[in-house]
Amino acid sequence: MSALLEVDGLSKHYPVFERRLFRAAKQSEIRAVDGVSFTVNEGETLGLVGESGCGKTTTARSILNLVTPSDGAVRFRGEDIVPVFKGSDRARMLEIRRSLQYVFQDPWLSLNPRWTIGETLKEPLRVHRPEAPESWDARVAELLQMVGLEPHHAWRYPHEFSGGQRQRVGIARALAIEPKLLILDEPVSSLDVSVRAQILNLLVELQDRLGLAYLYISHDLSSVRYISTHVAVMYLGKLVEIGPVDDIFTRPRHHYTRALLSAIPVPSPGEAQDRVVLKGEVPSAMRRPAGCPFHPRCAAALPVCATDEPMLMQPSAPHRAACHNPA
Amino acid sequence: MLSTLASASSPVTAAPPAPLLEVRDLRVHFFVREGVVRAVDGVDFRVNPGETLGIVGESGSGKTVSSMSIMRLVPPPARNVGGQILFEGEDLLAKTPDEMEALRGRRIAMIFQNPATSLNPIYSIGAQLGEILRWHLKLSRAEADARVVELLTLVGISDPATRLRQFPHELSGGMKQRVGIARALLCNPSLVLADEPTTALDVTIQAQILELLADLQARLKMSMVLVTHDMGVVARMAHRITVMYAGRVCESADAATIFNAPQHPYTRALLESMPRIDQSYTGTKRQPLPTIAGRPPNLLNPPPGCRFHDRCPEASAECRRLLPLETTIAPGHSVSCLKRGSEGIAA
Numbered sequence: 001m002s003a004l005l006e007v008d009g010l011s012k013h014y015p016v017f018e019r020r021l022f023r024a025a026k027q028s029e030i031r032a033v034d035g036v037s038f039t040v041n042e043g044e045t046l047g048l049v050g051e052s053g054c055g056k057t058t059t060a061r062s063i064l065n066l067v068t069p070s071d072g073a074v075r076f077r078g079e080d081i082v083p084v085f086k087g088s089d090r091a092r093m094l095e096i097r098r099s100l101q102y103v104f105q106d107p108w109l110s111l112n113p114r115w116t117i118g119e120t121l122k123e124p125l126r127v128h129r130p131e132a133p134e135s136w137d138a139r140v141a142e143l144l145q146m147v148g149l150e151p152h153h154a155w156r157y158p159h160e161f162s163g164g165q166r167q168r169v170g171i172a173r174a175l176a177i178e179p180k181l182l183i184l185d186e187p188v189s190s191l192d193v194s195v196r197a198q199i200l201n202l203l204v205e206l207q208d209r210l211g212l213a214y215l216y217i218s219h220d221l222s223s224v225r226y227i228s229t230h231v232a233v234m235y236l237g238k239l240v241e242i243g244p245v246d247d248i249f250t251r252p253r254h255h256y257t258r259a260l261l262s263a264i265p266v267p268s269p270g271e272a273q274d275r276v277v278l279k280g281e282v283p284s285a286m287r288r289p290a291g292c293p294f295h296p297r298c299a300a301a302l303p304v305c306a307t308d309e310p311m312l313m314q315p316s317a318p319h320r321a322a323c324h325n326p327a
Numbered sequence: 001m002l003s004t005l006a007s008a009s010s011p012v013t014a015a016p017p018a019p020l021l022e023v024r025d026l027r028v029h030f031f032v033r034e035g036v037v038r039a040v041d042g043v044d045f046r047v048n049p050g051e052t053l054g055i056v057g058e059s060g061s062g063k064t065v066s067s068m069s070i071m072r073l074v075p076p077p078a079r080n081v082g083g084q085i086l087f088e089g090e091d092l093l094a095k096t097p098d099e100m101e102a103l104r105g106r107r108i109a110m111i112f113q114n115p116a117t118s119l120n121p122i123y124s125i126g127a128q129l130g131e132i133l134r135w136h137l138k139l140s141r142a143e144a145d146a147r148v149v150e151l152l153t154l155v156g157i158s159d160p161a162t163r164l165r166q167f168p169h170e171l172s173g174g175m176k177q178r179v180g181i182a183r184a185l186l187c188n189p190s191l192v193l194a195d196e197p198t199t200a201l202d203v204t205i206q207a208q209i210l211e212l213l214a215d216l217q218a219r220l221k222m223s224m225v226l227v228t229h230d231m232g233v234v235a236r237m238a239h240r241i242t243v244m245y246a247g248r249v250c251e252s253a254d255a256a257t258i259f260n261a262p263q264h265p266y267t268r269a270l271l272e273s274m275p276r277i278d279q280s281y282t283g284t285k286r287q288p289l290p291t292i293a294g295r296p297p298n299l300l301n302p303p304p305g306c307r308f309h310d311r312c313p314e315a316s317a318e319c320r321r322l323l324p325l326e327t328t329i330a331p332g333h334s335v336s337c338l339k340r341g342s343e344g345i346a347a
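Just so you know, the sequences run in chain order A and B. Number 96 in UniProt numbering belongs to position 96 of the first sequence; there are no gaps in the numbering. Number 78 in UniProt numbering belongs to position 78 of the second sequence; there are no gaps in the numbering.
Keep in mind that a hint or two might mislead.
[Said to hold, decoys possible] Listed below are the simulated BS3-like cross-link pairs for lysine-lysine, each with C-alpha atoms no more than 27 Å apart in a straight line:
1. Lys221/B x Lys138/B
2. Lys95/B x Lys138/B
3. Lys95/B x Lys279/A
4. Lys180/A x Lys279/A
5. Lys285/B x Lys180/A
[As the list claims (entries may be wrong)] In silico negatives: residues of chain B with every beta carbon more than 12 Å from chain A:
6. Asp44
7. Met71
8. Leu216
Think of the hints as simulated: they come from the structure by calculation, not from any bench. Backbone N, C-alpha and C fix where the C-beta goes; we use that ideal spot for every residue, glycine too.
Throw the hints in and build the complete structure from the sequences for me.
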């Protein structure tokens, strides 16, 4: 498998000014994403997991330059695309955007309520395929069928659809210009269980048929297990563990990953779950602990964890954890 | 209005192993411009003393409306149009607003979904929790403060005396939900209703809150109704489970039976459609997930027959015509399905 997308040391820092009474304002920064590196191979799915505020959505948006990264490189097929987005070559930028598309979490908010589904699906074509307007209608019909809707749905408005159907439209819109990689930001979180399975099946089917790669962001670990080939775990802006999906789920090395996995209630009553309940809550990104960001909540913390930040070791190993005392 | 409806029904006789709460044939309809939405349409369930009942279902199944009607808190245009809610032998639907007022928060309490919006932002924790005690139990300010501190300690809040003077915005989400739980337990209620108590929380915080609730439930012998869409949460928490679909109950049984030997086609399909965290799906093991085709019926004009018939793999002609009634197929296990021996009525 060749690498399609390589994220290398990606960071996004936000400056903050703390206003203080009778004293000069203090400037500090929130490190929302801090030196995150991972690779998405062609035709594979990388699941990006973590709790709210850990930086998974900011990471995804930085890849598409929807927020400008502070540091690091994003390589698409070997080419660093961060300078392209910062530069003025609009044609080249559109070319890259054509290959990377985004599916949003909330299908209620991400579709324009005043546009018909057909208009919504034509918008990417209008931007990226302006030369052939006569082909748009046929493409819209094709897209609708691809995601399990009917061609006549093109004349309907978003309010006429259920949540699951809207998410199908969101996926169709992302597929309109034949991307290579879809960034799926919590695509099933707002859907009911029975509809969730339909959308997950659709994503898998489209991946097999079109050879797509996915960056699948979710806090729903059971859907991550189902859809991903690899999983990356984030905590307070840092990547703490990355590896093949079954390794992460059956042999997690980082203590945060272990706690996260054991926190999910398993739908088998009475089954003794080996539960690791974490003490305390995720600290604010503004007051990130020194050393390993997880050490104040970690049961296996060593003295070194409070002072030295652990790095993801062995760049070539498939399964890596940033931990001084891995399980 | 409500009391005339209820008094028209037959007088109540308590069954021998008296359940704490028994809901019989509850009907709550929404009277909207387009017609009548039958959100809850003939629902039965019961809660035994010291037991947690999990009510599960997807959005629109009527689980929240059912639990809100126990508190008599369904807002217009919803109206209770039938049934009985027997709590400690008394029909709550026959009570006057004043009687309900005296009962809410004292004998039945509620834990809400979103701790950020269910606490009043302009009162300190001590003021808003103390008010409940002063109102219901006529405690003095000092007595109320002492009881609030006791409860905050019970739910695992450190330094409770300081928290008393803090405001909700000074607490984290998990902390606020602990305050919400303490508030529900202030007057030692015999029944606690918890509607998606952990849905708004992150998974590691959810695990903490579930552990706390399970521990309190066992220690205080609390009876609880836990409303959720998360099958994992009910598996962890509930002794018995009632599965709802489109305003009706599909199946009720103890937790192990629901998960290991479900009988209703909807319960089975729901469980099968969930990917499992403890199962590998790599390579050839990634088969399509079994799905439930279609979507829930519009309850504005529900089709005749079983509410699940158009999505059910086993449906026959009579399922399209007859509404199945709840039938006990084993002790403590009831199902509403014509294919499992339920009687049907034309409706």
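Claimed clearance of chain A by Met71/B, with the beta carbon kept past 12 Å: holds (25 Å)
Whether Leu216/B stays farther than 12 Å from all C-beta atoms of chain A, as the label says: holds (15 Å)
Given as non-interface: Asp44/B, which should sit over 12 Å from chain A by C-beta: Asp44/B is indeed farther than 12 Å from all Cβ atoms of chain A, at 22 Å.
Pair hint outcome, Lys95/B versus Lys279/A [Cα-Cα no greater than 27 Å]: Violated, at about 44 Å.
Agreement of Lys95/B and Lys138/B with the hint, judged by alpha carbon distance not exceeding 27 Å: Holds. Lys95/B to Lys138/B sits at ~22 Å (cutoff 27 Å).
Restraint status (C-alpha distance of Lys180/A to Lys279/A at most 27 Å): violated (41 Å)
27 Å limit on alpha-carbon distance, applied to hinted pair Lys221/B and Lys138/B: holds (25 Å)
Holds or violated: Lys285/B to Lys180/A, with C-alpha atoms at most 27 Å apart: holds (24 Å)
Consistency note: the structure conflicts with the earlier hints numbered 3, 4.
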